[in-house]
Amino acid sequence: MDMKIESCRELIEEVIDTGLCTYCGACAGGCPYLVSFKDRIVLLDNCTISEGQCYQYCPRTHTDIDGISQQIFGAAYSEDELGAVKEVLTARSTDSHIRERAQYGGTVTTLLSLALEEGFIDCAILAKMSNDKIPGTFLARNKEEILQGAGTSYMAYPVLEALNQIPKDSTERLGIVATPCQALALSKMKKDPPQNRVNIENVKLVVGLFCTWALGLDKFHQFLSENLDLPQVIKFDSPPPPANRFDVYSKSGKLSFPLDEIRKFIMPTCTYCLDMTAEFADISVGSVEGIEGWNTVLVRTDAGVKLIELSKAKGELDTGHLPSQSLAHLKEAALLKKRRALKEIIKKTGDKKKLLYLGLQESIVDRLLA
Amino acid sequence: MKKLSKEPLNLIVAGVGGQGNVLMSFIIGKALVSQGYFVSVGDTYGASQRGGSVASHVRISEHTCYGSLIPGGHADVILSLEPAETLRMLGQFGNPDVVTLTNTRPIYPADVTSGRATYPNIDELLKLIEKLSAKLIVIKATDEAIKLGSPIFANVILIGALIGSGVLPLNKKSLEPILRENFPKEFDANIAAFNKGVELAGH
Amino acid sequence: MASIELDAPGTMQLLLGNEAIARGALEAGIGFAASYPGTPASEIMDNLASIANDMGIHAEWSVNEKVALEAAAGASFAGIRAIASMKQNGLNVSSDFLINLAMTGIGKGLILVVADDPGAISSSNEQDSRNICKWIDIPLLEPGNTQEAKDMTKWAFELSEELDTICMVRSVNRIGHTRGNVKLGELPKKEQRAYFPNIWNKFEPMRSKFAAGPFPQLHNVLHQKLAKAEEKFESSPFNWYMGPDNVELLVITSGASTSCCTEAVKELKLEDKVGIFKLATTWPIPENLIEKQLSRSQKVLFVEEVDPFIERSVMELAANLPPDSPHLIFYGKRSGHIPSYGELNPDLVINAIANVMGIPYQARDINYDKEAQELSKAVPVRALNLCPGCPHRATFWAVKNAFQLDGRDGFICGDIGCYALGFAAGGYYQSRTMHAMGSGAGVANGLGNLRQFGFEQPVIAMCGDSTFFHATIPALINGVYNKSNFILLILDNSATAMTGFQPHPGTGMTGSGEPAISINIEALCRSLGANVEVCDPFDLKNTTATLLRLMTEEGGINVVIMRRECEMVRAKRKKKFPYVVHVDPDICIGEACGCDRVCTRVLQCPGLIWDKQAGKSKIDEAVCTGCGLCVDICPEGAIIKSPT
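Protein sequence lines correspond, in order, to chains A, B and C. Quick note: the first sequence uses this note's numbering, first residue 492, plus one each step. Quick note: the second sequence uses this note's numbering, first residue 108, plus one each step. Quick note: the third sequence uses this note's numbering, first residue 345, plus one each step.
Extracted from the complex, chain A is given alone in its bound form (with noise of 0.2 Å):
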């Protein structure tokens, strides 16, 4: 199904006012209209211009979720769980320097640095943490200052805006570190590369992370400042289940929070998504289930494929091979998502055949939720 771009009233009026907004950041940063501020994105002025980068990029517009697997993967979208991967792995880093920052295993610091000393980057996008623990994009250009992106905070932040602001004449290669959404916005990007602002061919890794959920930035740093002292937090963690909490680590020791505490500030939108594992990066990378300080690796492209060799090959990656019952748990959870997201949206449109942003196959739509 072909794609109708509208313009930023249409985006404001179809996902941000709605709710849909996963605040990923590929609609911001790149003209004087949208920008992002506290967990919101804001449209300071109205733009006049019917079809607009801003809607044809958003993860919430509709997606052609088929047209892209073809473009990135040469096939189809199946309704494999995991999406389409050409090995599993567990892996850490050789490093423990990087280990001892790592949220779990340190792969990804470990595969963005290697791709920096060997030229397939000139610098990285990430998330990084402020000594408050508040989210911010920066700009890596070495191992140090990637290290310094390392751990997660679980808030949505709009990385992509960063990839915006980039000068369209740019000559630096760039990898970016994305959640499922923003990988799929890059992935529409690759799709049909844009004709203004962005020039997605410097694009060349993007690394996905697994995503359940993500909290909103603005309610979610209230509740952690109100509860701690965040200068003294030095990781978060919400293991998997059947763990059902959310610890904080500092300096001080562990403290844990029961799920249901944290369940409130999850964004709405968090409901709607069916990408567990981050399916249209190059590598996605998770925890292990029940092992500790290692990482599920799933790697889906060419590039990926490279990568992952190189830094075995240099050893800067110690790899293992994942026990089949976490396979078949991760896979389980992979499913489950994609269910309960299809459930929701077709409960929210009352409608088997609208799905709010996706472009899915029928056929697909009917063996998932069978």
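Among these hints, one or two may not hold up.
Said to hold, decoys possible - Under 7 Å between C-beta atoms, here's a sample of chain C residues computed to sit facing chain A:
no.: 1; residue: 702
no.: 2; residue: 748
no.: 3; residue: 749
no.: 4; residue: 946
Source of the hints: derived by calculation from the structure; they are not laboratory data. Every residue gets a Cβ at the ideal spot worked out from N, C-alpha and C, and that includes glycine.
Mind docking chains B and C on chain A? Use the hints.
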């Protein structure tokens, strides 16, 4: 005191707020009073200064001071600093006998620069102005003024053109003392601008 | 431009109506003048202040019109002839004192000049100030041309002393701002001495005349003064009749409308059928004189602006005519022949008379008329805009962005001055209210105290530096004292710009050019207990961040002084522009996604124009003043500034 070609003789000096039409009408008015005429000059002041349309109505008489507003369709001469304003004045005050002197440099209102309205093509605009005038004298006053050193000289160039055209009972001699009084420090530059205007009205 | 102090009696000069009024006051021997800037009255004091030192008089720009009138009254009490001048709204501000002054009477001649603005060319309302004279029982004079503006002002002082009351001279745009031939009179040379004697009130011994009472009795005295005035007006040479003794139509007119009537009658060639009675002593109306005019015709057309003031007064009079008098038919605002709003012009009067007389009128050749109307449709509208280089543009831009980022539908309570344009495109439509001087902060007080009703919108009140001194201070005090919540933006551009750059208590100079104390606005606001910050509006980033911080984090009263000189003031001081600015067409992306020509379409500075053919923005070097603001707006960095 020379006899007027019409009693009263009605002149409109038009432009955009901030262009200096008030000073121009004052200079012309003073020169006329010094020659013994009764003059009434009505200007628009205040808010119009901020980029709005402005016009000075100058009524010249041998006997008495007329009201400062010219009735619709009764302008004898229109002298304008801005071409769209020229056409606007002709629309309201023109008639088959009107003599028009106009500058050519457009000043675009915010409605045009923001895209809400269009400004007519300048050649088209001059054609429309010519259609509505018995006689039209086109003066590239701003361009000439920039050559002389600053766009502000456009005013005096146009006054020169007005005098040079002969439509008013004034000559160079009657203007010189007024120019000297108003521009004591830059008299030479202004008299040069004035002379340029006279010359441009010549053909 | 003209010099009103010219000692050349009998010579003919080209004077502005306001210059003529000032000259008339000088010829009457005033020693004191006070005013506040307001169009169309400002030039009266502009002129008096410029010659004050030479002529040995005191002429001041007061902080507001109430103080101006009070100060002038003080001088009058002490035996010095005094004049207070103001626009229509100034009358409203000084009305409380004026009414009380009517009660007490005066010392030496005291004249109030009120300049109305029919059509509201430069005002926030349309009003006919003549009505107050009927309300408070003071004489009203309306000059009909520039010569009369001088002569009637001069005579008014005599009248004021003969009646022992303040008199009002009413001017309008077409009197105050019209230049006309004026024959000058003599300038008095004698010295003046001031002394405020103790004059007893005629009703209560030991009570000063000027601390009046009892008021009902004084009210009666006022009526007696008016009766005396009427007697004088019966024979005033400023009232005249033009035309045959008996006519088909009698036109009764006053003020600036007079010339519209004489022109209309001439244009319609009805000099033998239509007579014009011009009234200059408009209140109280000279009843016998008017009755005499009414006997000339059975049809009467009233031509005046703005309200049917004379029309109603004469109709009241006509109601009392003997029962056997001929039946009169009145035309005017009541009948709809003359509009009851807006400014009059000769065309309206020509059409009214032609209508009443039943004759056709064609202003110009009918074919030309059609063509002219059709062809002139091509001319675009000219909306008002801020000047190129105006710091208010930067302020409005920062406010707009701060409100959008805040997201709670914030707004500005606007005020009077150049920044009044906040209601228009030039100010990005940010002002949601605009009424009178100081009302921005006043209205904000209310809006900022509605939190108990769930009100969450950020409120910004706006005023200029001159407006601040005029009227905003009490509202600011109220906000602090009554615990309201708003941001007060004081746009300090070191000028009373809209009216012609008159000085005020913050500029360090008096009206007559002497150095004066410059009142420190920050210190004043801080002493009132408000939080005070100072920003440079051209520093967009910092200004926007400050506003955003204050509206999202701070309650109570926050004052932000936006300090940056008015461009016109700066240009006069420094002939050079700060920067030379140009657009690089190779970098400019114009209408493409990523810009959509934000500089010409949204910022709308008149110094930027859109070259449709090239698809690029351009600097208009005949208009741009090189402030460099647009450089910070361009998303591509296509606008480049280099210091001059």
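Each hint tested on the structure:
no.: 1; hint: 702; in the structure: violated (53 Å)
no.: 2; hint: 748; in the structure: holds (5 Å)
no.: 3; hint: 749; in the structure: holds (5 Å)
no.: 4; hint: 946; in the structure: holds (5 Å)
The structure shown violates just one earlier hint, number 1.
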